[in-house]
Amino acid sequence: MSDNIHQSLSHLMDNEADELELRRLLKACDEPDGNGLADTWHRYHLVRSVLHKEFEQEHLVDIADRISVALEQEPEPAKRRRLFEAWRLKASEISDTWMAKGAIAASVAAAVVMLLPNPSQDLPVAQKLTVQSTGYQQTLPARGLQQSPIGVQRVSAGANAAEGYRLIDNQRLRQEQLIRGYLLQHSEYVATNGTHGMMPMARVSGYQTLD
Amino acid sequence: MIRKVIPAVSLISVLMLSPFVHAADSADQWLQRFTEAMHSYEYSGVLVYSREGQLDAVELSHNVSEQGEQARLSYLDGLPREFVQDGGQITQKISGEIVANDRIQGRNPSGRFSGGLEQIKRYYQLQLKGQGRVVDRPAVIVEIIPRDNQRLGYRLWLDKESALLLKSVTLDPLARELETFQFTSFSFEAKSESDANISSESMSHQGSLVSSSVNRDPSKTLPWTPEGFELFMENQSVEVSDNHLANMHSWSDGVSTFSVFVEPLRADSLKEGQHQYGATVVVVRSIPEQNQGRVITVVGEIPLHTAQKIAAAF
Chain E
1 MSDNIHQSLS HLMDNEADEL ELRRLLKACD EPDGNGLADT WHRYHLVRSV LHKEFEQEHL
61 VDIADRISVA LEQEPEPAKR RRLFEAWRLK ASEISDTWMA KGAIAASVAA AVVMLLPNPS
121 QDLPVAQKLT VQSTGYQQTL PARGLQQSPI GVQRVSAGAN AAEGYRLIDN QRLRQEQLIR
181 GYLLQHSEYV ATNGTHGMMP MARVSGYQTL D
Chain L
1001 MIRKVIPAVS LISVLMLSPF VHAADSADQW LQRFTEAMHS YEYSGVLVYS REGQLDAVEL
1061 SHNVSEQGEQ ARLSYLDGLP REFVQDGGQI TQKISGEIVA NDRIQGRNPS GRFSGGLEQI
1121 KRYYQLQLKG QGRVVDRPAV IVEIIPRDNQ RLGYRLWLDK ESALLLKSVT LDPLARELET
1181 FQFTSFSFEA KSESDANISS ESMSHQGSLV SSSVNRDPSK TLPWTPEGFE LFMENQSVEV
1241 SDNHLANMHS WSDGVSTFSV FVEPLRADSL KEGQHQYGAT VVVVRSIPEQ NQGRVITVVG
1301 EIPLHTAQKI AAAF
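First to last, the sequence lines map onto chains E and L.
So the first sequence is residues 1 to 211, counted in this note's numbering.
So the second sequence is residues 1001 to 1314, counted in this note's numbering.
In case anyone wonders, no lab produced these hints; they're calculated from the structure.
In this text, a Cβ means the ideal position worked out from N, Cα and C, and glycines have one as well.
Some hints here could point you the wrong way.
[Claimed, not checked] Label pairs and their in silico Cβ distance ranges:
| no. | chain 1 | residue 1 | chain 2 | residue 2 | range |
| --- | --- | --- | --- | --- | --- |
| 1 | E | Val47 | L | Pro1288 | 40 to 46 Å |
| 2 | E | Val47 | L | Asn1247 | 42 to 48 Å |
| 3 | L | Pro1223 | E | Arg43 | 48 to 54 Å |
| 4 | E | Arg174 | L | Ser1061 | 43 to 49 Å |
| 5 | L | Gly1078 | E | Glu72 | 51 to 57 Å |
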């Protein structure tokens, strides 16, 4: 395999691969020596996880087999593709203006939202995968210290959610502990010198949930 | 029919307004009564505190004795943590065991608006906003509205009988609610005149001494301070964590307060950034080695842009 292919693979990892690269990669995977490429793909992910210090899992989950099985069971992929092509053709006709593009984006979003609620019924595989991959979650709290599972990311692979691995961002936890110290000192000053009596100390409770 | 209703309505409204006008007078007087009451009554109750995405319940009690004021705040949820205040001393306990003990220097005489009401009115507008009912008690609503956008506003529900604070909402400069304190059960007891007077005298005396000595030192200024804020407390080597010490300076305009922490830059110092928890903002700025590596942390109940400006001026 050439360095070019590896570079494309790297682009795909960063979500920067263009359609050509994607096609070339998929084609390379199908070739007799394509197994090596799949392994490289796995290794790249492994390296990234380790570099980001996010790696604490027992084993990698390979869903490739499940996808192939699902593909085989898929009733009429050709018919669905035709439908999709027709839809795309129609869409491109009206996509001349930005407004129209916006409307299409909105309708695609709406379609996804409408399709998501019942994943078990007969959705095309691609959508099933979308549903499954929502198992990959980051449960970082939106506003920092307020709520409990601070700095804990839960990452899971579809049905294997329970066996997923947990990531603990020590750096972040430590920062939040430090901030609590400043908040506590300030609140103590306000409680003894402000107009509200001890009331401001109630603010501290939120900073303190994680000791 | 309508002709009969109009005089009746106006009569009722006059009847409803008259006791209010008679007892209340002005927002100024209510605030004056409130700040005195907070230091001279014994009161206790369950207080809830809410801000976006969070609700906490604490038990709060305040006592006045000849030794001064004591207060106790204990959490009803989660870790059994409590804070006990005795004068300027705050002790933190977990499950009854003392885990920290801080002596807070510099009592802020503006904390009770004593003599400072005129000063406060330069930066805030005081308004009566009618009447309400909190914890099954009739209350008067007083609003403290900032005159510029460098400070937060407060809407206070004061008990009609005692002028004690029953509910308080903190508002940003656009009058959006940031946080709420509210009693859900409440009882109070007036202390005898002598007790209250002794404590209030000793407090304000102590306070004015500290604040005036601090204020005279011209070196104790920030590169930029929002108008109306004065330095009320400074404390060398405050322990912000197990192995972190910082110099703490607290500034107040009599209503709003912010603290500035200055410490040497270290590898494990706070990273630059900003955080907001209800009305409280935290802005961290690190100044690089070449420029006497320091970390400036601004914490306070002030608008975020004000805190950013204070930190950026260093």
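Hints, verified against the model:
1. Val47/E with Pro1288/L: 40 to 46 Å: Once the Cβ atoms are compared, 32 Å apart, the range 40 to 46 Å for Pro1288/L and Val47/E is violated.
2. Val47/E with Asn1247/L: 42 to 48 Å: holds (44 Å)
3. Pro1223/L with Arg43/E: 48 to 54 Å: Holds - the Cβ-Cβ distance for Pro1223/L and Arg43/E, about 52 Å, lies within 48 to 54 Å.
4. Arg174/E with Ser1061/L: 43 to 49 Å: violated (35 Å)
5. Gly1078/L with Glu72/E: 51 to 57 Å: holds (52 Å)
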